[in-house]
Every structure is written in C-alpha cells, then in structure tokens.
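J.: Model the full assembly from the supplied sequences, consistent with the hints where possible.
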Amino acid sequence: MSPENSTAERDAITRVIEERRHLDGALLPILHGLQEALGHVPAAAVAPIAEALNLSRAEVHGVITYYHHFRQAPAAGPVLQVCRAESCRTMGGEALLAQARASGGCSAEPVYCLGLCAMSPAVMLDGRPHARMTPEKLDALIKEAAR
Amino acid sequence: MSPLQVYVPRDAAALAVGADEVAAAITAEAARLGSPMQLVRNGSRGLLWLETMVEVATPSGRIAFGPVQPADVPSLFEAGWAAGHPLCLGPTEQIPEFARQLRLSFARCGLTDPLSLAEYEAHGGWAGLRRALALAPEAIVQQVLDSGLRGRGGAAFPTGIKWRTVAQAAAPQKYVVCNADEGDSGTFADRMLMEGDPFLLIEGMAIAGLAVGATRGLVYIRSEYPHAIAAFDAAIALAREAGVLGASVLGSGRAFELETRVGAGSYVCGEETAMLESLEGKRGIVRAKPPLPAISGLFGRPTVINNVLSFAAVPTILAQGPQFYQEFGSGRSRGTLPFQLAGNIRHGGLFELPFGLTLRELVFDIGGGTASGRPVKAIQVGGPLGTYVPAAQWDVPLDYEAYAAIGAVLGHGGIVVHDDSADMAQLARYAMEFCAIESCGKCTPCRIGSTRGAEVIDRIVSNQNRLQQVQLLRELCDTMVHGSLCAMGGMTPFPVLSALDHYPEDFGLRTP
Chain P
38 MSPENSTAER
48 DAITRVIEER
58 RHLDGALLPI
68 LHGLQEALGH
78 VPAAAVAPIA
88 EALNLSRAEV
98 HGVITYYHHF
108 RQAPAAGPVL
118 QVCRAESCRT
128 MGGEALLAQA
138 RASGGCSAEP
148 VYCLGLCAMS
158 PAVMLDGRPH
168 ARMTPEKLDA
178 LIKEAAR
Chain G
5 MSPLQVYVPR
15 DAAALAVGAD
25 EVAAAITAEA
35 ARLGSPMQLV
45 RNGSRGLLWL
55 ETMVEVATPS
65 GRIAFGPVQP
75 ADVPSLFEAG
85 WAAGHPLCLG
95 PTEQIPEFAR
105 QLRLSFARCG
115 LTDPLSLAEY
125 EAHGGWAGLR
135 RALALAPEAI
145 VQQVLDSGLR
155 GRGGAAFPTG
165 IKWRTVAQAA
175 APQKYVVCNA
185 DEGDSGTFAD
195 RMLMEGDPFL
205 LIEGMAIAGL
215 AVGATRGLVY
225 IRSEYPHAIA
235 AFDAAIALAR
245 EAGVLGASVL
255 GSGRAFELET
265 RVGAGSYVCG
275 EETAMLESLE
285 GKRGIVRAKP
295 PLPAISGLFG
305 RPTVINNVLS
315 FAAVPTILAQ
325 GPQFYQEFGS
335 GRSRGTLPFQ
345 LAGNIRHGGL
355 FELPFGLTLR
365 ELVFDIGGGT
375 ASGRPVKAIQ
385 VGGPLGTYVP
395 AAQWDVPLDY
405 EAYAAIGAVL
415 GHGGIVVHDD
425 SADMAQLARY
435 AMEFCAIESC
445 GKCTPCRIGS
455 TRGAEVIDRI
465 VSNQNRLQQV
475 QLLRELCDTM
485 VHGSLCAMGG
495 MTPFPVLSAL
505 DHYPEDFGLR
515 TP
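For the protein sequence lines, the chains are P and G, in the order given.
Position 73, counted from 1, in the first sequence is what this note's numbering calls 110; the numbers after and before it change by one each time, with no gaps.
Position 87, counted from 1, in the second sequence is what this note's numbering calls 91; the numbers after and before it change by one each time, with no gaps.
Source of the hints: derived by calculation from the structure; they are not laboratory data.
All C-beta atoms in this analysis are idealised placements derived from N, C-alpha and C, irrespective of residue type, glycine included.
Hints may be right or wrong, so weigh each one.
[As the list claims (entries may be wrong)] So the derived list for chain P, only partly shown, Cβ under 8 Å to chain G, looks like this:
1) D61
2) A63
3) L65
4) H69
5) E73
6) Y103
7) F107
8) M128
9) Y149
10) A168
T.: Dropping the structure here:
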C-alpha cells in the first residue's frame with residue numbers, strides 16, 4: 038500500500054469513529070461507515086475501534102467476521118450479488134451464479150434474497166438491482182461492469 | 005393547459021426492470037415534443053409482473069400502462085397516453101388483480117410520492133397518530149387488543165398483549181424496535197412499504213411509543229435493501245423537520261425519536277433476540293428466553309419489537325377503530341395480510357387481502373399459475389422455514405390456526421411457487437444448507453444438525469442405506485425441532501419433512 042493510501046485510510050478510520058462513536062450500539066454503524074468509505078474494513082481499524090468503544094480487539098474482530106456483509110479486503114472488481122434463495126433458485130438462479138463465477142471481471146457473491154422474488158431470478162450489481170435475469174442479460178451486465 | 009401528470013415507480017423491483025430508464029425516456033420525449041409534463045416517482049402498486057407500470061392522471065382517475073420499456077415511450081406520447089395503446093391496462097384500480105384486494109396498510113403505496121408529507125396527509129396520513137394523542141396510553145393498547153392484530157413477522161403473537169407488557173413495565177427508558185430484517189425469501193412487503201409509504205411505518209411506531217411510554221425507536225433494516233434504507237432515512241428526516249418526530253410529537257409535548265440501524269447480511273438477525281444483540285453492536289447470537297424482550301430487551305430495557313407490517317396496521321386501527329379492522333379475516337386471524345406471490349408465478353406481486361382465502365385462489369385466480377406454463381408441483385408458504393404445501397392442501401383457508409392444523413405456517417405471507425421440474429430432495433437439502441450457513445452457532449441441534457442433515461439427504465438421494473437414512477433424518481429433525489433455541493434450527497425441519505412426506509418419490513422412495 039502506498040503511503041498516501043495509508044494516510045487516507047487512517048484519516049477515514051478516525052473520521053468514521055469520531056462521527057459514530059456516540060451512537061448506541063455504535064459498532065455496526067462504524068463498520069458500515071468504514072466499508073462505505075473504503076470498500077472494506079481494514080485490519081488497521083480494529084485497534085482504534087476497540088479503543089474508542091472500550092471493547093477488546095477480539096470482540097471487534099468477532100463482529101467483523103460474524104457478518105457476511107463486512108469484507109476484510111477490497112472486492113476484486115464490481116460486486117455482483119446473485120440470489121440463491123428458493124424463489125430465484127426455482128427460476129434458474131444457481132446457473133446464473135455459476136455463470137457469474139466463471140466469467141471473471143467482477144466479484145460474484147451469493148446473497149440470500151434481495152426482495153425481488155416476484156421477478157426472479159434477481160441480482161444486484163454494486164447496489165443496483167436487476168431482475169428477470171437471463172444468461173444473456175447477465176452476460177451483457179458483466180461485460181458492461183468490467184469495462 | 006395543466007401539465008400531464010405521469011407516475012413511474014421508484015420501488016426497487018421496478019428499478020430492477022428499468023424504471024429509471026423509462027422515466028428518463030419519458031422526460032426526454034416530453035422535452036423533445038415540448039409538451040408540459042410533471043413526473044412523479046411513486047411507490048409500486050404491487051402488480052409486479054406489469055412493471056415498469058406507468059400511470060397517467062386523467063379527470064376520471066389514473067390510467068395504467070405496462071409493462072413499459074423505454075422504446076415504448078414515443079408511441080405512448082403519440083397515442084396521447086390514451087386507451088388505444090396496446091400497453092394500456094385501463095383504470096389502475098380496475099385491474100382485476102388490484103380491484104379484488106383490500107388495501108388497508110398498502111392503501112397509499114403506489115398512489116403517492118412516498119416522500120411527500122402533503123400527499124401523505126391528504127390521503128389520511130397521521131389520522132391514527134392524532135387519534136392516539138387524544139387517548140390515554142392504556143386506551144391505545146386496548147384498541148390494538150380489540151382489533152385482534154397479531155404479529156405479522158410470523159409468530160402471530162397478539163400485538164396488544166406485547167404492548168401491554170411493555171406499558172406495565174417500569175423503567176427509565178423503554179424502546180420501540182421495528183424488525184425490518186426481512187430475510188425470508190419470497191417476501192418483500194416490508195421493503196415495498198418502506199420504499200412506497202415510509203411515513204406509515206413512522207406513524208405506527210410513534211403510536212407504539214405513546215402506548216407503551218417509549219421515547220425512542222430503532223428500525224433494523226437489512227443491508228440487502230439499500231433503496232429501502234435510503235427512502236426510510238429520508239422519511240425520518242422529513243418527519244423530524246415537520247415536527248412529527250422529536251421532542252414534541254405533532255405539538256403534543258410528548259417525545260418520540262427514531263433512528264435506523266443497518267443489518268449486515270445475517271439471516272438469523274431477523275430473530276428478535278439476535279436482532280437486539282446486533283443493535284447493541286454484537287454478533288447476532290440468539291438469546292435464551294426468558295426474559296422476554298418486553299421485560300428486558302434492548303440494552304436490558306423493556307422493548308416492543310414488532311414487524312414492519314404490524315406497525316403499519318396500527319394507524320388504520322386507530323383511525324378507523326378496532327371494530328373496523330377486526331371485521332375482516334377468518335377465525336382468530338383478523339384483518340388483512342399482504343400476501344406476496346413469488347417464484348415460478350405468472351402474476352407475481354403483492355396482494356393485500358383479508359385472511360381466509362385459499363392458496364388455490366391466490367396462486368391460480370390471482371397469480372395465474374406458473375410463469376413456465378407447467379403444472380404447479382409445490383408451494384412453499386411462509387419463507388425458507390415454511391412447509392412445502394402439496395396440492396391436497398391448497399383449499400385450506402389461509403389463516404394462522406387452519407395452517408397450524410396442517411403443520412404449516414403463514415409466516416410473513418411469502419408464497420413461492422415451484423413447477424413440476426422442481427427436485428424436492430434438492431430443495432430439502434438446500435433448507436439444511438441454508439441453516440448451516442446462517443446458524444448463529446449457539447445451540448448444537450441447529451449448528452451441527454444442519455450440516456449432518458445435508459449429508460444425510462445426500463446419502464438418501466444416492467441410495468446409501470436409504471431407508472435407514474430416512475429414519476435418521478426424521479430423528480435428526482425431531483432433535484432440531486425440540487432442541488433448538490430459536491426458529492432457525494427449530495423450523496428448518498418444516499420444509500425438509502414436508503418435502504419428504506409429500507414428495508417421497510423425489511427421495512427415491514415409493515409413493516405411499
């Protein structure tokens with residue numbers, strides 16, 4: 038990591054902690070803030086969060102690793118979440134996930150329901166929902182995202 | 005000439021099929037033609053197979069067009085947005101699947117701009133809260149009790165009894181918590197409500213706060229719902245500015261403040277005690293009960309926890325009276341449930357109806373059968389922990405007791421349809437696999453049982469001691485049902501055993 042990056046990261050950690058430490062149950066809001074700012078929750082954040090919230094580093098680490106949403110390293114490219122739950126599964130979601138994983142160019146991840154079940158199968162690309170997916174539409178989506 | 009008023013939904017389901025692109029095409033075409041137009045981004049009416057469903061206001065009411073693609077837009081302008089266009093669906097409220105509904109909680113959803121306080125109030129908003137402010141707290145609780153409202157999250161516990169318990173508990177701080185961690189697959193009513201009529205949830209929670217003496221509320225929304233989070237946060241800011249939330253609710257001198265908290269991709273955090281842990285900033289591990297959250301909940305304080313749909317029903321109950329609400333329904337299931345039709349379904353969407361109709365009416369009369377055109381094989385009712393309901397039971401009325409009597413659950417009203425290509429053994433395996441992924445790990449039957457369950461199903465399918473393994477699966481399910489701390493492990497056997505009981509041929513067994 039370049040020194041500028043690490044300074045930017047340190048600044049973001051300090052800023053997010055200061056913005057949110059006063060909240061009740063502040064740990065999840067802080068982790069969300071970091072992931073929004075940096076794309077992941079860096080290891081360097083664990084000690085300052087623990088210090089600010091009067092928790093042990095093990096407790097902070099335990100929370101980061103418990104929740105599927107938090108990532109400890111940046112995603113490899115755009116994040117493509119493909120729903121694996123029953124509704125999408127019965128409409129071909131599993132094949133779409135396999136296709137997404139095989140295609141490269143984005144970080145394909147399983148998700149358990151996007152709330153778009155009446156128009157299954159559904160995916161979400163960097164927070165944007167896409168439903169009534171087909172292999173062709175997914176292919177176009179991945180190509181566009183990778184550009 | 006007054007400008008043409010055009011409605012294009014901003015609901016995530018509409019966005020997922022290109023509503024933003026349709027809205028942009030409409031704006032561009034209106035500008036090209038120089039025709040005055042006012043674009044409203046409304047919620048969705050819930051007729052999701054028709055999305056993107058565009059509406060225009062006419063002197064005789066709103067007319068719907070759908071499903072609209074950006075390429076259709078020039079021809080819609082050319083036709084003057086009139087009935088002659090092939091995409092015209094006629095008056096929105098006369099579309100058969102809409103007309104037969106009883107929209108109480110979703111009355112405004114799709115009708116209004118979700119973030120317009122003026123429209124919310126013009127369509128009956130805050131009437132329930134104003135009524136509640138004129139009542140003593142015990143009287144509010146009594147109205148909710150009299151309405152017969154039961155928890156819409158799935159457990160169906162009487163809402164009024166929960167509220168009374170919290171009201172009677174003495175504490176320096178009490179909380180109202182909304183469970184908007186709508187993790188059940190096949191359900192999207194909470195999402196649609198938060199995106200399409202967020203002030204209704206604020207109103208319901210404020211009434212709960214007044215009833216139980218809680219000045220603070222938290223809404224726990226799942227991270228998979230970025231649009232609902234954004235809409236609800238915006239609504240809270242507007243309600244605060246308008247004096248609905250804050251130190252003096254609608255000038256009453258009584259305080260109620262609301263905040264959102266975002267989940268982080270854990271299904272089990274939809275279980276109320278795991279959600280409390282998560283709200284407190286911990287891992288979402290289930291707590292043993294007692295103590296009940298109503299006595300010792302968030303940060304150890306008395307806490308009302310209800311689902312989005314339970315809170316959303318409350319303003320109607322207060323505004324129209326408990327008698328009005330409890331007139332609808334069947335047996336001890338009073339009022340309406342927003343049913344959500346999903347999976348392999350022709351007319352998927354949200355349909356708010358009184359309890360008591362049958363699955364057959366819902367899936368075939370309203371839903372139009374499968375999207376694939378093949379026969380329906382199984383219908384999972386009540387989310388990933390609900391049973392697969394076979395054809396023989398499709399005429400059982402959809403109410404809590406009638407469903408309990410056949411060993412099934414209504415849950416949150418999610419209904420997922422599978423056609424005859426579904427492999428029920430693989431769906432049963434998936435139920436175990438999902439439990440293994442999402443188990444919080446606190447109790448052994450859930451943590452270990454789910455992994456062993458998937459392995460046992462694999463052995464059944466590949467015919468390794470099949471009959472013995474079936475027996476083992478049943479014993480394992482028995483342990484999970486009776487030995488798990490919460491519904492995650494306790495109900496995962498529901499889809500598994502219903503698949504095994506009703507579709508034995510998919511497990512390589514002879515049909516009974």
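J.: Next step is simple, just say for each hint if it's right about the structure.
T.: Going down the list of hints, with the structure as the test:
1. D61: holds (7 Å)
2. A63: holds (6 Å)
3. L65: Holds, because the Cβ-Cβ distance from L65(P) to chain G comes to roughly 6 Å (cut-off 8 Å).
4. H69: OK, holds: H69(P) within 8 Å of chain G, min 5 Å.
5. E73: With a closest approach of 10 Å, the E73(P) hint is violated.
6. Y103: holds (4 Å)
7. F107: It holds, given that the least Cβ distance between F107(P) and chain G is near 6 Å, below 8 Å.
8. M128: Hint on M128(P): holds, closest Cβ of chain G at ~6 Å, below 8 Å.
9. Y149: Given a least distance of 6 Å, the restraint on Y149(P) holds.
10. A168: Hint holds; A168(P) Cβ to chain G Cβ min 4 Å, cut 8 Å.
The structure fails to meet hint 5 from the earlier list, while all remaining hints are met.
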